[in-house]
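A.B. asks: Sequence:
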Amino acid sequence: MKKYYSQTGTIKALTREDIEEKYKWNLRDIYVSNEEWENNFSWVENSIGNYDKFRGNLKESPEILLSCFQIDDEIGIKLERLYLYAMLSKDSDMSVPVYQAMDSRIKTLYSKVSTANSFIKPELLKMPDEELLRMINSLEGLKIYKHSVNELLRKKVHTLTKEEEEILALAGDIEQIPYTAFSLFTNADLKFEKIMDDKGNEIEISQAKFYAALYSQDRDYRKRAFTAYLKPYSEFSNTLSSLFNGNLKVNIFNAKARKYSSAREAALDSNNIPLSVYNNLVKSANANLKPLHRWAELKKKILHLSELHPYDIYVSLFSVNEDKKYPFNEAVEIVCSALGPLGSDYLDSLRKAFNNRWIDIYETHAKKSGAYSSGTTFGIHPYVLLNWTELLNDVFTLAHEMGHNMHSYYTGMNQPYPYANYSIFLAEVASTFNESLLLDYLISNSESKEEKLFLLEKYLNNITATFYRQTMFAEFEMNVYDRTEKGEALTYDLLCNMYRDIFQKYWGPSMVIDKEEEFTWARVPHFYYNFYVYQYATGFAASEVLANKVKNEKKPAVDKYLQFLKSGSSDYSINILKKAGVDMNSFEPVLATTKKMDQLLDEVENLIIGRVN
Numbered sequence: 048m049k050k051y052y053s054q055t056g057t058i059k060a061l062t063r064e065d066i067e068e069k070y071k072w073n074l075r076d077i078y079v080s081n082e083e084w085e086n087n088f089s090w091v092e093n094s095i096g097n098y099d100k101f102r103g104n105l106k107e108s109p110e111i112l113l114s115c116f117q118i119d120d121e122i123g124i125k126l127e128r129l130y131l132y133a134m135l136s137k138d139s140d141m142s143v144p145v146y147q148a149m150d151s152r153i154k155t156l157y158s159k160v161s162t163a164n165s166f167i168k169p170e171l172l173k174m175p176d177e178e179l180l181r182m183i184n185s186l187e188g189l190k191i192y193k194h195s196v197n198e199l200l201r202k203k204v205h206t207l208t209k210e211e212e213e214i215l216a217l218a219g220d221i222e223q224i225p226y227t228a229f230s231l232f233t234n235a236d237l238k239f240e241k242i243m244d245d246k247g248n249e250i251e252i253s254q255a256k257f258y259a260a261l262y263s264q265d266r267d268y269r270k271r272a273f274t275a276y277l278k279p280y281s282e283f284s285n286t287l288s289s290l291f292n293g294n295l296k297v298n299i300f301n302a303k304a305r306k307y308s309s310a311r312e313a314a315l316d317s318n319n320i321p322l323s324v325y326n327n328l329v330k331s332a333n334a335n336l337k338p339l340h341r342w343a344e345l346k347k348k349i350l351h352l353s354e355l356h357p358y359d360i361y362v363s364l365f366s367v368n369e370d371k372k373y374p375f376n377e378a379v380e381i382v383c384s385a386l387g388p389l390g391s392d393y394l395d396s397l398r399k400a401f402n403n404r405w406i407d408i409y410e411t412h413a414k415k416s417g418a419y420s421s422g423t424t425f426g427i428h429p430y431v432l433l434n435w436t437e438l439l440n441d442v443f444t445l446a447h448e449m450g451h452n453m454h455s456y457y458t459g460m461n462q463p464y465p466y467a468n469y470s471i472f473l474a475e476v477a478s479t480f481n482e483s484l485l486l487d488y489l490i491s492n493s494e495s496k497e498e499k500l501f502l503l504e505k506y507l508n509n510i511t512a513t514f515y516r517q518t519m520f521a522e523f524e525m526n527v528y529d530r531t532e533k534g535e536a537l538t539y540d541l542l543c544n545m546y547r548d549i550f551q552k553y554w555g556p557s558m559v560i561d562k563e564e565e566f567t568w569a570r571v572p573h574f575y576y577n578f579y580v581y582q583y584a585t586g587f588a589a590s591e592v593l594a595n596k597v598k599n600e601k602k603p604a605v606d607k608y609l610q611f612l613k614s615g616s617s618d619y620s621i622n623i624l625k626k627a628g629v630d631m632n633s634f635e636p637v638l639a640t641t642k643k644m645d646q647l648l649d650e651v652e653n654l655i656i657g658r659v660n
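Using my numbering, you'd call the opening residue of the sequence shown number 48 and step up by one each time.
No wet-lab data here; the hints were simulated from the structure.
Be aware that one or more of the hints could be misleading.
Here are the simulated DSSO-like pairs of lysine-lysine, each with C-alpha atoms no more than 27 Å apart in a straight line [said to hold, decoys possible]: (1) K505 x K337; (2) K562 x K270; (3) K348 x K125; (4) K241 x K562; (5) K270 x K306; (6) K399 x K596; (7) K270 x K256; (8) K499 x K347; (9) K505 x K256; (10) K602 x K625; (11) K209 x K306; (12) K348 x K372.
All chains, full assembly: derive it from the sequences and hints.
C.D. replies: Set out below in structure tokens:
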């Protein structure tokens with residue numbers, strides 16, 4: 048991209064007008080104008096009253112029930128379309144007041160619709176199960192909703208009376224207090240020390256600077272940043288342990304209120320994930336820690352250290368040409384080549400996204416930072432937001448987000464509205480699958496030993512961060528809930544000991560744990576997300592199995608993978624993955640991941656024989 052300079056010679060931030068149309072997403076595929084958006088907004092507002100005629104009447108006849116479902120779907124489809132347009136417009140330029148207002152208004156409209164249709168599930172649950180299922184099977188148009196109704200009935204035992212549900216709903220705002228307080232305290236109130244960076248400049252440490260420092264080749268700087276960043280968490284350990292415990296008890300209370308045996312069972316039940324999946328993940332990871340121990344020992348040797356510390360985990364071992372640029376159009380060709388094993392159908396769909404402005408590519412003034420895929424919006428193709436800087440990481444981000452994009456696209460093209468979405472449990476499979484194929488492609492086509500080592504290290508770090516680290520977090524989370532549910536008081540020193548022991552177990556004898564690392568439990572926001580992190584590990588492990596099958600079995604595995612992308616939420620997540628060729632109730636996904644890590648370590652060691660001795 049061309050850079051724009053002011054008269055003083057400084058780089059000027061690009062505006063939307065500076066970017067060629069072909070590099071910006073085309074929102075006219077959603078609405079041709081803001082006026083059309085307003086018309087649809089008014090239609091939804093005026094349609095909310097249609098729910099009233101169904102209230103109290105759903106059991107009267109299959110035809111009435113079908114009409115209610117169809118109107119609810121029609122309103123839902125338009126509502127999601129309105130939301131997509133408002134979100135993408137706002138994220139294109141967050142300084143435009145009209146887009147901020149649209150985003151706020153659509154959220155309010157969502158709330159109104161949720162209130163208006165809230166009677167549907169309680170009325171269905173009042174009916175005898177046999178009567179409801181008989182009604183669903185009696186009319187062809189209702190059969191499409193059978194899986195949704197079965198899911199509703201599956202959770203019936205955990206659904207409370209109307210009065211009890213109202214009480215739990217009233218407690219909703221109160222339950223957010225631990226996380227809200229944690230978020231405000233750690234992001235706004237917590238103060239960090241000033242330190243000298245690796246260039247001799249005085250800086251005030253922050254989360255972003257902390258993570259950046261961990262990649263520095265200056266070990267003393269890494270240690271200074273590590274110590275300065277974690278020090279406030281230790282100083283406020285009593286406050287943070289109180290918030291941490293408060294969050295645990297909120298989730299335990301809700302689980303007990305809904306008649307679950309544990310908070311973990313309640314959290315996994317939302318997607319019908321058996322506890323055995325979680326247990327097998329932790330158990331099988333524990334049985335296969337040797338590759339991570341081996342990686343730790345190799346890092347220690349390559350860095351010529353007498354002791355490996357937590358602040359040594361992320362520093363790059365192998366350098367590559369950091370000035371190498373990846374223009375977007377070149378990156379597109381790399382990604383398409385890497386995903387070639389998926390066949391012409393997938394590549395044609397991918398090209399459709401690239402050629403029809405589904406992607407907003409370059410950073411511009413007031414554009415939302417980061418990257419994302421918009422997910423499935425029924426009747427509309429998904430969009431991707433990027434902030435392209437021509438670095439190798441951007442190429443991986445493109446492959447990752449296009450994995451999400453294609454998952455949403457195939458789901459939207461093949462599922463009716465009720466199932467045109469997919470669970471968080473499945474969400475990261477398609478994205479990490481694409482990254483796996485991209486890494487294999489780049490490693491196979493590397494032009495030098497240095498470049499190959501750099502890419503092998505990146506793959507190893509992906510496994511470390513996304514599989515092992517997230518499984519370690521999942522095990523810690525499981526342990527703190529189990530002990531709280533048994534009535535133990537989790538003081539900050541006990542939490543520190545628990546975290547230190549599990550960290551030592553995962554990283555092995557080569558790791559020397561600093562006191563500061565023990566307070567990591569106090570800074571990880573995901574511990575407030577109620578058994579969320581294990582899904583990063585299961586998604587990564589599943590993608591490794593599927594990628595291996597595609598590479599080794601070719602078309603039969605590709606066909607199953609494409610069917611996985613098309614399945615949406617038409618079945619339970621576990622079943623969808625099993626049909627694709629992955630049994631998450633088995634040890635196979637973990638073994639595929641750890642075996643891959645061992646293979647990568649073999650390659651690294653063969654390339655550097657004699658260098659680490």
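A.B. asks: If a hint holds in the structure, say so; if it doesn't, say that too.
C.D. replies: Against the structure, the hints:
Between K505 and K337 the CA atoms are separated by roughly 19 Å; this keeps the pair inside 27 Å, and the hint holds. Pair hint K562 plus K270 holds up; C-alpha atoms about 12 Å apart against a cutoff of 27 Å. Taking the CA atoms of K348 and K125, the gap is near 59 Å; set against the 27 Å cutoff, the hint is violated. Distance restraint check for K241 and K562: the Cα-Cα separation of roughly 20 Å lies within the 27 Å cut-off, and the hinted pair is therefore satisfied.
For the hint linking K270 to K306, the alpha-carbon distance of about 47 Å lies beyond 27 Å, and the restraint is violated. With a C-alpha separation of about 26 Å, the suggested pairing of K399 with K596 holds against the 27 Å cut-off. Between K270 and K256, the direct Cα distance comes to roughly 13 Å. Compliance with the 27 Å bound is thereby established for this hinted pair. At roughly 20 Å between alpha-carbon atoms, K499 and K347 fall within 27 Å of each other, so this suggested pair holds.
Taking the CA atoms of K505 and K256, the gap is near 21 Å; set against the 27 Å cutoff, the hint holds. A C-alpha spacing of about 17 Å is found between K602 and K625, which places the hinted pair at or below 27 Å, so the restraint holds. Taking the CA atoms of K209 and K306, the gap is near 16 Å; set against the 27 Å cutoff, the hint holds. A distance of roughly 31 Å separates the Cα atoms of K348 and K372; the hinted pair therefore is violated under the 27 Å criterion.
Hint violations for this structure: numbers 3, 5 and 12, all remaining hints satisfied.
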